[in-house]
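There are 2 protein chains.
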Amino acid sequence: MKTLIKNVLILTMDEHLTVYPNGYLIFENTDILAVGNLSELDKHDCQQVIDGNRAILLPGLINTHTHVGMIPFRSLGDDVPDRLRRFLFPLEKYMTPELAYYSAKYAIAEMQLAGVTSFVDMYYFEDDIARATEKMFARAILGETVIDFPTCDTTEAHGGLNYCRHFVPKWLGHELITPAIAPHAPNTNSKKALIEAAKMAEQFNVPITLHVAEMDYEMAHFAKEYNQTPVEYLADINFLSERVIAAHCIHLTEKDIAILQRYQTKVAHCIGANTKSAKGVAPVKEMQANGIDVGLGTDGPSSGNTLDLFSQMKLFANFHKTTLCDRSAYPASEIVKIATIGGAKVMGMANKIGSLQPGKKADFIMVETQSANMFPIFDPYAALVYSANAANVQHVFINGVEVVRNKQLCHHSLSAIRQDLDDTMQEFRRQAARLAAQ
Amino acid sequence: MKTLIKNVLILTMDEHLTVYPNGYLIFENTDILAVGNLSELDKHDCQQVIDGNRAILLPGLINTHTHVGMIPFRSLGDDVPDRLRRFLFPLEKYMTPELAYYSAKYAIAEMQLAGVTSFVDMYYFEDDIARATEKMFARAILGETVIDFPTCDTTEAHGGLNYCRHFVPKWLGHELITPAIAPHAPNTNSKKALIEAAKMAEQFNVPITLHVAEMDYEMAHFAKEYNQTPVEYLADINFLSERVIAAHCIHLTEKDIAILQRYQTKVAHCIGANTKSAKGVAPVKEMQANGIDVGLGTDGPSSGNTLDLFSQMKLFANFHKTTLCDRSAYPASEIVKIATIGGAKVMGMANKIGSLQPGKKADFIMVETQSANMFPIFDPYAALVYSANAANVQHVFINGVEVVRNKQLCHHSLSAIRQDLDDTMQEFRRQAARLAAQ
Chain X
136 MKTLIKNVLI LTMDEHLTVY PNGYLIFENT DILAVGNLSE LDKHDCQQVI
186 DGNRAILLPG LINTHTHVGM IPFRSLGDDV PDRLRRFLFP LEKYMTPELA
236 YYSAKYAIAE MQLAGVTSFV DMYYFEDDIA RATEKMFARA ILGETVIDFP
286 TCDTTEAHGG LNYCRHFVPK WLGHELITPA IAPHAPNTNS KKALIEAAKM
336 AEQFNVPITL HVAEMDYEMA HFAKEYNQTP VEYLADINFL SERVIAAHCI
386 HLTEKDIAIL QRYQTKVAHC IGANTKSAKG VAPVKEMQAN GIDVGLGTDG
436 PSSGNTLDLF SQMKLFANFH KTTLCDRSAY PASEIVKIAT IGGAKVMGMA
486 NKIGSLQPGK KADFIMVETQ SANMFPIFDP YAALVYSANA ANVQHVFING
536 VEVVRNKQLC HHSLSAIRQD LDDTMQEFRR QAARLAAQ
Chain R
136 MKTLIKNVLI LTMDEHLTVY PNGYLIFENT DILAVGNLSE LDKHDCQQVI
186 DGNRAILLPG LINTHTHVGM IPFRSLGDDV PDRLRRFLFP LEKYMTPELA
236 YYSAKYAIAE MQLAGVTSFV DMYYFEDDIA RATEKMFARA ILGETVIDFP
286 TCDTTEAHGG LNYCRHFVPK WLGHELITPA IAPHAPNTNS KKALIEAAKM
336 AEQFNVPITL HVAEMDYEMA HFAKEYNQTP VEYLADINFL SERVIAAHCI
386 HLTEKDIAIL QRYQTKVAHC IGANTKSAKG VAPVKEMQAN GIDVGLGTDG
436 PSSGNTLDLF SQMKLFANFH KTTLCDRSAY PASEIVKIAT IGGAKVMGMA
486 NKIGSLQPGK KADFIMVETQ SANMFPIFDP YAALVYSANA ANVQHVFING
536 VEVVRNKQLC HHSLSAIRQD LDDTMQEFRR QAARLAAQ
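Heads up: the sequence lines are chains X and R, in that order.
Per our numbering, the very first residue in the first sequence carries number 136; after that it's consecutive.
Per our numbering, the very first residue in the second sequence carries number 136; after that it's consecutive.
In case anyone wonders, no lab produced these hints; they're calculated from the structure.
Incorrect hints may appear among the rest.
Computed cross-link-like contacts, DSBU-like style, restricted to lysine-lysine with a CA-CA straight-line distance of at most 35 Å [what the hints assert, rightly or not]:
#1 R:K270 x R:K137
#2 R:K420 x X:K420
#3 R:K542 x X:K270
Start from the sequences, fold in the hints, and give me the full structure.
Structure (structure tokens):
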């Protein structure tokens with residue numbers, strides 16, 4: 136069935152940033168067939184016509200770093216120093232396959248309602264998370280965590296590697312899901328495990344994602360042990376490649392940037408989580424100037440607190456303009472670019488998603504302009520970056536399937552998903568209360 | 136009529152930050168009668184009972200600096216250097232009383248839908264803005280601008296002073312509206328005009344508000360002309376007092392902070408507008424440590440782009456934590472405090488609003504917890520600061536009157552207000568297009 140969408144302002148996010156003020160888009164099955172000015176559309180044979188009511192239609196937003204299993208942690212110990220080791224690691228012992236599954240369903244629902252159509256995940260029980268992702272119909276790279284201690288889904292250090300030997304081949308070739316390997320960080324894995332993870336990723340031809348240059352103690356560790364930065368270390372052990380998605384990359388030297396460029400390593404920039412935790416502002420301008428692909432990430436729901444990229448775009452604008460002392464740095468269109476085609480490049484899927492062009496997949500969203508915050512609109516990019524919030528997202532399509540209509544999930548009940556998650560959270564809540572009381 | 140609200144989590148924002156996890160609030164006419172734990176409420180004689188459905192009930196948010204007449208400017212030239220002199224000042228020639236009136240109605244609607252119950256304004260045609268404020272039923276300090284050139288509402292330099300001689304007495308004693316005098320900035324007014332403004336404010340016993348230490352060229356001007364900071368200059372000419380609300384205060388010295396403290400001058404901190412324009416992060420921690428009252432401001436809709444304090448709270452958290460290199464700086468409760476009772480102190484109304492206590496005015500909001508971004512809630516303050524957005528605001532009461540119910544205005548149609556504004560914007564749009572093309 137062919138569908139025509141009209142009465143929309145279209146931001147294609149193609150390489151010329153073509154805008155169709157009164158545009159149309161036609162898609163059939165999974166693919167975009169045509170996009171252009173409505174005045175140039177003579178006749179059509181579309182069976183379905185959707186009136187966009189002056190919405191802004193743009194590619195689905197792409198979240199290049201998150202932890203969808205971590206909804207249970209949200210609003211827990213936000214302002215506590217070293218929360219990772221005080222709350223997150225200890226509580227992850229109480230993570231179960233069911234909890235990860237229901238959390239992932241919830242997180243994906245939250246993302247879809249906020250216009251996120253693709254994401255890169257790193258967590259445990261990724262096979263269960265993959266089931267949730269399939270059920271919710273989202274496009275994703277799902278990375279199973281590898282870390283140097285026993286965790287909720289393995290009794291051995293670096294057990295994620297064994298997990299991946301089953302998990303990765305099981306999901307290879309899936310239309311929407313790309314399995315991946317996710318070493319937690321360079322300082323939380325042995326050299327041997329990192330090398331094995333990289334080899335396995337190459338063998339299966341899948342992405343690899345990890346946290347890099349995020350923590351002050353990570354930087355101190357590599358300086359002390361190796362007189363290197365984490366990026367230098369990763370290059371040294373032949374870990375880096377174009378299949379690596381490095382999250383955070385806050386503390387980079389010029390040399391690090393040159394290394395990342397040389398290996399065409401991708402970067403997931405998590406401005407919200409990085410600044411909420413007072414870690415700093417990653418040198419995105421310098422990375423981009425050196426040809427490194429950068430996308431936006433929300434980080435997990437306990438670090439970034441929302442899984443929406445509208446708050447990230449706003450934080451990106453204000454932090455990078457202020458850091459660069461230049462209000463004209465990163466005009467709004469550049470920021471929407473990072474959140475769409477930028478993310479697609481990071482995911483290695485720029486041939487399929489990230490811009491609205493014939494032949495690409497029908498992953499797109501419509502942001503309504505009826506709410507109070509969306510008037511007037513002299514510049515639609517500015518409206519998206521500086522004024523919009525996640526609640527302005529009205530319709531969402533993934534791979535040609537409508538997943539959100541009129542701000543509601545089409546095929547699922549959010550309250551039922553929440554109830555399932557809440558029911559599964561009982562033991563987790565008890566343990567969280569115990570830890571908080573300590 | 137007495138109204139009881141129950142099934143709500145109440146953040147009183149009183150001096151002990153008392154929280155009632157399963158709370159109730161009773162109000163009658165304009166006043167709060169009681170607030171507490173529902174389990175401690177024996178019986179009641181309330182004619183109306185509202186079930187809050189587990190919403191978070193807190194004092195109405197207070198926007199201590201905005202320009203409600205400037206909705207027409209939103210999303211216009213956001214990323215242009217020196218936008219003030221290139222776009223804003225030239226376009227303000229085309230501001231009319233009608234445009235200011237309809238813009239103010241729109242801006243107030245937007246604020247109420249976002250949970251803002253009180254605001255401090257600075258603009259032109261403040262008599263028309265006062266009519267709009269009265270019509271929309273909002274609590275406000277409305278400051279008529281005084282500036283050293285003829286403007287849309289006066290043919291003479293500093294004509295705002297004459298405007299105030301009629302405007303201020305006309306609205307004195309109004310239940311919700313406090314007229315005020317608003318010299319634009321120390322560098323855009325003569326010494327004589329500033330002194331006259333301060334005297335008039337004293338004579339009428341009304342607030343005075345102005346931009347201070349915001350612009351780099353403002354700082355350079357006072358350094359060059361007087362070898363002083365703007366704050367030193369204002370102290371020198373006897374301008375400062377406890378009735379002054381100084382907006383921005385980005386570039387302050389230790390001496391400036393001591394001066395502001397000595398005069399008990401209040402500060403409206405506009406983190407969003409200040410960082411979007413790359414001006415910097417005001418030293419709020421140091422101001423508060425010296426006993427200066429600080430509130431949050433959105434700035435105008437063209438500078439801050441939304442009039443909601445949820446985005447400001449999030450930006451506040453991330454910017455101040457990062458600037459202070461401390462993730463535990465400004466825990467979420469402190470930020471909600473600044474947005475409520477902090478703002479009330481800045482407005483000089485802490486005896487009436489800003490916290491939920493018997494005898495105070497019934498200005499409060501209910502933030503729903505059903506949306507995807509609002510679960511789970513271990514810490515309600517964290518949920519408000521890090522997760523919530525303006526669209527989570529469900530019900531709003533001002534002075535005991537319900538102005539927003541179920542995310543809709545109770546007594547007005549937003550689309551009708553928008554249509555009126557849009558109709559009035561024709562000439563403004565033509566001039567904006569002309570300027571943008573230059």
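We went through each hint and held it up to the structure:
A threshold of 35 Å between alpha carbons decides the hint, and for R:K270 with R:K137 the separation of about 24 Å falls inside it, so the pair holds. The hinted pair formed by R:K420 and X:K420 meets the criterion: a straight-line CA distance of about 29 Å does not exceed 35 Å. For the suggested pair R:K542 and X:K270, the alpha carbons sit about 31 Å apart, so the restraint of at most 35 Å is met.
The structure is consistent with each of the numbered hints, conforming to all of them.
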